[in-house]
Amino acid sequence: MSVKRVKLSFNKANEGKYTVIRSCDIAKTNKRVRSEMKEVIRVYDNKETKSQQSAALLVLNS
Amino acid sequence: MINTIDFEITPIDEAVEAILEKIKEYFLKDIDDKFLSPLIESSVAKLVDELRQNLYCVIEYPYVDKVYRDSFYHYYSSKHFTYQRDCIRIALFDGEITFNDFLTPENHDKLKKNFLGFFVIRPTINAIHGRSMISPLAFENQDFQICRCKTSCLVYGVKLEVEGFPFSSQDGETIRCAETTIWALMEYFGNRYAEYSPALPAKIHKALERFSYERQLPSNGLTMDQVSFALKEFGFGTRIYSMDAYQDELYGIIDNYIESGIPVLLGLQNEEAGHVIIAIGKVSEGEKKRDAQEIKKIKMGMTEIGYIETCSFPAKYIVQDDNFIPYKQISLQRPGEHYEDDKCKNYLIDSIVIPLYPKIYLEATLAKSLLLQVLTDDYVGHQFADGFILRFYLASSRSFKQHVSTMVGMEDGLKSNIFMTKMPKFIWCGEVYSQEKFEAVDKITDGLIILDATEANKESIDALIFAGYPDRCITLNENNFVILHYNFNNFHYFSNLK
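Listed in order, the protein sequences are those of chains A and B.
To convert a position in the first sequence, counted from 1, into the numbering used here, add 649.
Quick note on numbering: the numbering used here labels position 465 of the second sequence as 458, and the sequence is numbered without any gaps.
Hints are computed from structural coordinates only; laboratory data are not their basis.
Just so we're clear, the structure is a prediction, and the values are computed from it rather than from any experiment.
Glycine included, C-beta positions come from ideal geometry on N, C-alpha and C.
Where hints are given, some of them may not hold.
The calculated lysine-lysine pairs, modelled on DSSO-like cross-linking and capped at a C-alpha distance of 27 Å, are [what the hints assert, rightly or not]:
#, chain 1, residue 1, chain 2, residue 2
1, B, Lys336, A, Lys677
2, A, Lys696, B, Lys415
3, A, Lys656, B, Lys336
4, A, Lys696, B, Lys143
5, A, Lys687, B, Lys39
6, B, Lys143, A, Lys699
7, B, Lys415, A, Lys661
8, B, Lys105, A, Lys666
9, B, Lys436, B, Lys352
10, B, Lys321, A, Lys699
11, B, Lys196, A, Lys680
12, B, Lys321, B, Lys106
13, B, Lys408, B, Lys394
14, A, Lys677, B, Lys103
15, B, Lys225, A, Lys661
16, B, Lys418, A, Lys699
17, B, Lys72, B, Lys103
18, B, Lys225, A, Lys699
19, B, Lys292, B, Lys143
20, B, Lys143, B, Lys225
21, A, Lys696, B, Lys106
22, B, Lys290, B, Lys321
23, B, Lys394, A, Lys653
24, B, Lys196, B, Lys143
Okay, the calculated beta carbon distance ranges per label pair [stated by the list, open to error]:
#, chain 1, residue 1, chain 2, residue 2, range
25, B, Ala187, A, Asn695, 29 to 39 Å
26, A, Gly665, B, Cys146, 30 to 40 Å
27, B, Ala433, A, Thr668, 24 to 34 Å
28, B, Ala195, A, Thr698, 44 to 54 Å
29, B, Asn339, A, Thr668, 28 to 38 Å
30, B, Arg203, A, Lys661, 47 to 57 Å
31, B, Ala195, A, Asn695, 13 to 23 Å
32, B, Lys394, A, Glu664, 19 to 29 Å
33, A, Thr668, B, Arg327, 44 to 54 Å
34, A, Asn695, B, Asp455, 50 to 60 Å
Coverage of chain A stretches by chain B, computed from C-beta distances (three or more under 8 Å per stretch; other residues unrestricted) [to be verified]:
#, segment
35, 672 to 681
36, 684 to 695
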């Protein structure tokens, strides 16, 4: 009897030809990203407040 | 009472005369002195003159236009002066047509192929241009890409479809620039996505009732945050950005969203007044010389390298400005350049509103910063050559995967991994090019980073879904980041605009 059902999954598609990045390396990356993004987020929050205030003052009637 | 509809077919070069005749015949029928202001003639000619010279028009009266009829019942009918409730509609066709084409089923395919949209003339004599949906192909100048939606209409018994962006001019009483802009945006999203529905003027006023401290009609306009509020009421997760806060970075943000296929509401201001228009597309100004100021720097390990964002390349943007005809081209630095009035010429962008899908929690500027963090990382990044080009946009994962499926030359295993990657409805994408590859016709990327647009955590790489580099790819399997041993290649420029 011919087999017509074909299953595909990540493991089958890659047949072990992949490497897991160690959790400790990702943790290092996340630590670096957290410290770099802290200032970016602080500046963004200020800009967000300023933007809302500006939008409330712009009257569109032309 | 009129029991029949009058039709007329006319070539475009006689259309202005024919439309003015109809305005006199139908809109001024109760007035003895049928004097038509030259302003009306110039207003009709302003649109018709920009259309291609081989077009033919089908003019019909009476036509029930849903937008004007809504304004009529909620406002004009309550006035002492008698306003008519019917409009004139002009349907546009590429090349000559006859009434026989409509009566002969074999010719319907020709009509469908050649139909280029319609525009409506309202009986509000001071503001005659009503709802329109005209294909960019109807215009002489059509070398641009825009966000498009499809709409259908019935012309002399035949159902026809057109793709374009909705447009209307303001009537100055029920809809001013702000309401017109909200209407056009909702008409676009309502026609394109099942999640939204079109909003007529009365519905817009109703949505703003809670945010209004005075009467709403006649309209005095809205503030930019009221526009944002109305869109939020209609189901968007709107974002506001102002020039005051973002300075020149704002131009890049506008470009990023337009490249994402999201129309952007541009709030303009001069010394006296405010105005709002919708940016819906762009036309690249080619590969003009890029000066040193456009090169940004990022740190990769111990070295600092330069990169250029495509949003800083010279470009004109396509806008719907209700004081002009559809699809005007402007530069973001001089949005009032088409106005004759000196004060309007001085319009500058003050703030913008982005109508985002409500579950896009990762905002553009933070997403881009995060993407650069990924790109420069030792473990999940890649060291691209100095001066690389970054193109950043939002895409639906469906259209992105559909695009990948059309890639010729991409390894099947890599394609398969991209198709198997579980993605949210919307993703942030960063395409990386070398300068040579970006300038080539086929624009093949060197790298691609995909971030989850629904991820609110901006302080980690949790949003990373996929990264493709010349030497490897990175994806997720069982909640672990894994390296796939594929070289990312043969991925071409993805466009959200048509």
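Status of the hints after comparison with the structure:
Between Lys336/B and Lys677/A, the direct Cα distance comes to roughly 55 Å. Violation of the 27 Å bound is thereby established for this hinted pair. Annotation: proposed proximity of Lys696/A to Lys415/B is violated, straight-line Cα distance about 33 Å (limit 27 Å). Among the hinted pairs, Lys656/A with Lys336/B is inconsistent with the structure: their alpha-carbon atoms are about 67 Å apart, more than 27 Å. In summary, the hint linking Lys696/A to Lys143/B is not supported, as the alpha carbons are separated by about 37 Å, beyond the 27 Å threshold.
At roughly 52 Å between alpha-carbon atoms, Lys687/A and Lys39/B are farther apart than 27 Å, so this suggested pair is violated. Distance hint between Lys143/B and Lys699/A is unfulfilled; the C-alpha atoms sit about 37 Å from each other, more than 27 Å. Distance check on the hinted pair: Lys415/B and Lys661/A sit about 16 Å apart at the alpha-carbon level, within 27 Å; holds. About 52 Å separates the Cα atoms of Lys105/B and Lys666/A, which puts this hinted pair outside 27 Å; it is violated.
For a cut-off of 27 Å, the pair hint linking Lys436/B to Lys352/B is broken: about 31 Å separates their Cα positions. Between the alpha carbons of Lys321/B and Lys699/A the distance comes to roughly 30 Å, so the proposed pair goes past 27 Å and is violated. For the proposed pair Lys196/B and Lys680/A, the alpha carbon gap of about 49 Å is over 27 Å, so the pair is violated. About 25 Å separates the Cα atoms of Lys321/B and Lys106/B, which keeps this hinted pair within 27 Å; it holds.
With a CA separation close to 9 Å, the supplied pair Lys408/B and Lys394/B stays within the 27 Å bound. Distance restraint check for Lys677/A and Lys103/B: the Cα-Cα separation of roughly 63 Å exceeds the 27 Å cut-off, and the hinted pair is therefore not satisfied. Straight-line distance between C-alpha atoms of Lys225/B and Lys661/A comes to about 45 Å, which puts the hinted pair past the 27 Å bound. Taking the CA atoms of Lys418/B and Lys699/A, the gap is about 30 Å. The hint is violated against a cut of 27 Å.
Simply put, Lys72/B and Lys103/B have alpha-carbon atoms about 45 Å apart, too far for the 27 Å limit, and the pair is violated. At roughly 19 Å between alpha-carbon atoms, Lys225/B and Lys699/A fall within 27 Å of each other, so this suggested pair holds. Simply put, Lys292/B and Lys143/B have alpha-carbon atoms about 45 Å apart, too far for the 27 Å limit, and the pair is violated. With a C-alpha separation of about 23 Å, the suggested pair Lys143/B and Lys225/B falls inside the 27 Å cut-off, and the hint holds.
A C-alpha spacing of about 48 Å is found between Lys696/A and Lys106/B, which places the hinted pair above 27 Å, so the restraint is violated. This hinted pair does not check out: Lys290/B and Lys321/B have alpha carbons roughly 35 Å apart, beyond 27 Å. This hinted pair checks out: Lys394/B and Lys653/A have alpha carbons roughly 26 Å apart, not beyond 27 Å. For the hint linking Lys196/B to Lys143/B, the alpha-carbon distance of about 22 Å falls within 27 Å, and the restraint holds.
Range check, Ala187/B to Asn695/A: about 37 Å between beta-carbon atoms, so the 29 to 39 Å window is met. In this structure, Gly665/A and Cys146/B break the distance hint of 30 to 40 Å, their C-beta atoms being roughly 58 Å apart. In this structure, Ala433/B and Thr668/A meet the distance hint of 24 to 34 Å, their C-beta atoms being roughly 32 Å apart. Between Ala195/B and Thr698/A the Cβ separation comes to about 34 Å, which falls outside the hinted range of 44 to 54 Å.
For Asn339/B and Thr668/A, the hinted distance range of 28 to 38 Å is not satisfied, since their beta carbons lie about 59 Å from each other. Judged by the Cβ atoms, the range 47 to 57 Å given for Arg203/B and Lys661/A holds: they are separated by roughly 55 Å. Judged by the Cβ atoms, the range 13 to 23 Å given for Ala195/B and Asn695/A is violated: they are separated by roughly 39 Å. Evaluation of the 19 to 29 Å hint for Lys394/B and Glu664/A yields a pass: the beta carbon distance comes to about 23 Å.
Taking 44 to 54 Å as the suggested C-beta distance range, the pair Thr668/A and Arg327/B conforms, at roughly 52 Å. Roughly 24 Å separates the CB atoms of Asn695/A and Asp455/B, a value that falls outside the hinted 50 to 60 Å. Note: the segment 672 to 681 of chain A has 7 residues with beta-carbon separation from chain B under 8 Å; the three-residue rule is met and the coverage holds. Here the segment 684 to 695 of chain A counts 7 residues with a CB under 8 Å from a CB of chain B, which clears the bar of 3, and the coverage holds.
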